[in-house]
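Chains as they are written, first to last, in the numbering used here: chain A, 12 to 310; chain B, 16 to 287.
Hints were generated in silico from the structure; no laboratory data involved.
Please note that the accuracy of each hint is not assured.
Claimed, not checked - A few chain B residues that don't get close to chain A, going by computed Cβ distances all over 10 Å:
#, residue
1, Lys42
2, Leu102
3, Lys104
4, Glu118
5, Tyr148
6, Ala178
7, Gly264
Unchecked claim - One-sided excerpt, in silico: chain B residues whose CB lies under 10 Å from chain A:
#, residue
8, Lys76
9, Glu124
10, Tyr150
11, Pro152
12, Met180
13, Ala181
14, Gly205
15, Ile206
Positions of the beta carbon are idealized from the N, C-alpha and C atoms, including for glycine.
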Amino acid sequence: MAFFLEVLTGGLLTGVLYSLVALGFVLIFKASGVFNFAQGAMVLFAALFFVGFIDLGVPVVLSAILTIAVMILLAYLIERLVLSHLVNQEAISLFMATIGISYFLDGFGQTIWGSDIRRLDIGLPQDAFVFGASVLGDDIFVNELDVVAAVVAGALVAVLAVFFSKTKIGRALRAVADDHQAAMSVGIPLRSIWMIVWAVAGIVGLVAGIMWGAKLGVQFSLSLVALKALPVLILGGFTSVPGAIVGGLMIGAGEKLAEVYLGPVIGGAIEDWFAYMLAMIFLLFRPQGLFGEKIIERI
Amino acid sequence: MSDVETAPLLQINNIEVIYDHVILVLKGVSLDVPEGGIVALLGANGAGKTTTMKAISNLLKAERGDVTKGSILFRGEEVHNLSPDVLVKRGVVQVMEGRHCFEHLTVEENLLTGAYTRKEGGRKINQDLEMVYSYFPRLRERRSSLAGYVSGGEQQMVAIGRALMAQPSLILLDEPSMGLAPQLVEEIFGIVSKLNKERNVSFLVAEQNAAVALRYADAGYILENGRVVMEGDAKSLSENEDVKEFYLGVGSGDRVSFRDTKHYRRRKRWLA
């Protein structure tokens with residue numbers, strides 16, 4: 012039982028990291044209907060700048076602030092140079108454009124900071140600690156970094172939830188997500204809203220990048236983490252912030268449990284494909300995901 | 016038109032609108048909306064009413080349409096290159112055809128989005144929210160329902176209320192009667208004329224339902240195939256024989272048998 016719980020907790024905590032990446036996708040998709048293939052590249056890009064600043068001797072907090080500034084500038088440039096020329100084009104054109112952006116970011120980030128694996132050590136704990144010993148009569152080992160990541164993700168989601176539901180800009184973002192034209196007609200400037208949402212996604216990307224970077228080191232493979240976010244989105248629904256979280260947890264826990272318990276039966280390496288199989292089953296039976304947009308239709 | 020001494024609030028001179036660089040939709044439309052007036056823009060489906068409205072509010076570009084000729088003056092200034100949000104700040108708000116509420120926002124949130132361009136603090140905006148509720152008491156009851164779930168009439172009220180939150184001096188109201196019961200149409204138009212009198216908001220109303228529109232408007236324009244074919248004050252339009260027959264659905268007085276109407280179609284005089 013204790014072993015099961017340990018695997019489950021480990022899985023859930025990894026899942027949080029998937030959620031963080033998925034969150035960036037959801038934000039942009041909700042506000043602009045664009046599936047941002049570059050989200051993974053943005054995670055890498057942000058992490059590269061962050062770790063780059065730190066390696067230059069800039070204090071951690073200042074590095075974070077500088078990187079946030081870089082991500083905001085990036086959002087501005089993406090809106091200016093790419094999206095504004097593609098207003099009202101087919102969704103597939105926009106999607107293709109984001110693929111282009113993702114290649115650019117991958118290349119540009121590595122041109123500036125090099126392609127070596129960089130260690131990101133900002134004092135986040137790396138050890139496993141013992142948890143719940145007395146309750147279950149057996150020890151459970153949990154990775155401390157994962158716990159920190161979970162707390163950070165939780166805080167981020169809470170902040171985003173308040174931002175979306177209580178602030179004027181959050182309300183405008185939801186309005187734009189609902190109906191572009193109507194939003195324009197009441198005077199909400201689409202272009203600045205899109206810039207804001209890309210900037211927010213960039214900042215979420217930075218948080219994801221720091222967490223993943225601390226776990227795996229900052230390297231090119233970070234941008235591939237985004238591929239794991241796809242099944243998370245399919246499970247949770249493309250338009251739902253809570254969906255991204257729950258989807259991430261399910262994928263994280265599911266793949267760890269499958270690896271441990273199914274692995275011996277049908278052969279290992281389940282962890283690599285489990286998420287995609289789960290996504291395929293969802294596509295067959297519940298294509299809108301668990302929390303996908305309820306389509307309101309008046310009759 | 017007749018009184019030249021006061022410049023109209025909105026003045027459209029001979030505009031031409033082309034979609035996708037090839038489809039000519041408006042072929043020279045001119046109209047005036049005087050300060051404090053209600054002007055009806057009448058016409059059948061596809062006549063160009065909505066295109067005219069969107070040309071004014073500058074929502075055309077989003078549909079790959081463009082004003083290629085003519086000018087649109089608001090308070091004497093050319094506005095056709097201003098973005099929609101700048102135009103809203105200046106006081107021109109469009110209420111789009113088909114209401115276009117934000118379905119996943121509550122009624123109150125919908126109204127608040129209308130105040131997006133305003134810089135004042137919450138108190139002033141709350142006052143205006145109360146003002147909107149006083150004109151549309153039903154919205155106060157439904158304030159926390161999702162706009163997607165309220166009735167069509169209530170959605171129309173949300174759309175107009177949302178426009179009011181921007182403190183406009185001109186509202187472009189596109190087809191407010193669409194899909195509503197006659198009683199509700201009267202109610203909506205009643206509120207429009209109340210807003211016009213009490214808050215001095217001018218209206219340009221595009222309508223297919225010419226009978227109702229002419230009853231509440233001061234003046235009207237009839238649009239056919241992208242051209243203004245007739246204009247005048249509301250009274251003279253509603254007494255015009257052609258308008259009566261083609262837009263108000265009343266004949267010359269005598270009842271005609273169905274067989275006659277099938278063979279007999281009077282030509283519109285303006286086409287002659």
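The hints, checked one at a time:
| no. | hint | result |
| --- | --- | --- |
| 1 | Lys42 | holds, 24 Å |
| 2 | Leu102 | violated, 8 Å |
| 3 | Lys104 | violated, 7 Å |
| 4 | Glu118 | violated, 5 Å |
| 5 | Tyr148 | holds, 18 Å |
| 6 | Ala178 | violated, 7 Å |
| 7 | Gly264 | holds, 29 Å |
| 8 | Lys76 | holds, 8 Å |
| 9 | Glu124 | holds, 6 Å |
| 10 | Tyr150 | violated, 17 Å |
| 11 | Pro152 | violated, 22 Å |
| 12 | Met180 | holds, 8 Å |
| 13 | Ala181 | holds, 6 Å |
| 14 | Gly205 | violated, 23 Å |
| 15 | Ile206 | violated, 19 Å |
In terms of the numbered hints stated before, the structure departs from hints 2, 3, 4, 6, 10, 11, 14, 15, listed from lowest to highest.
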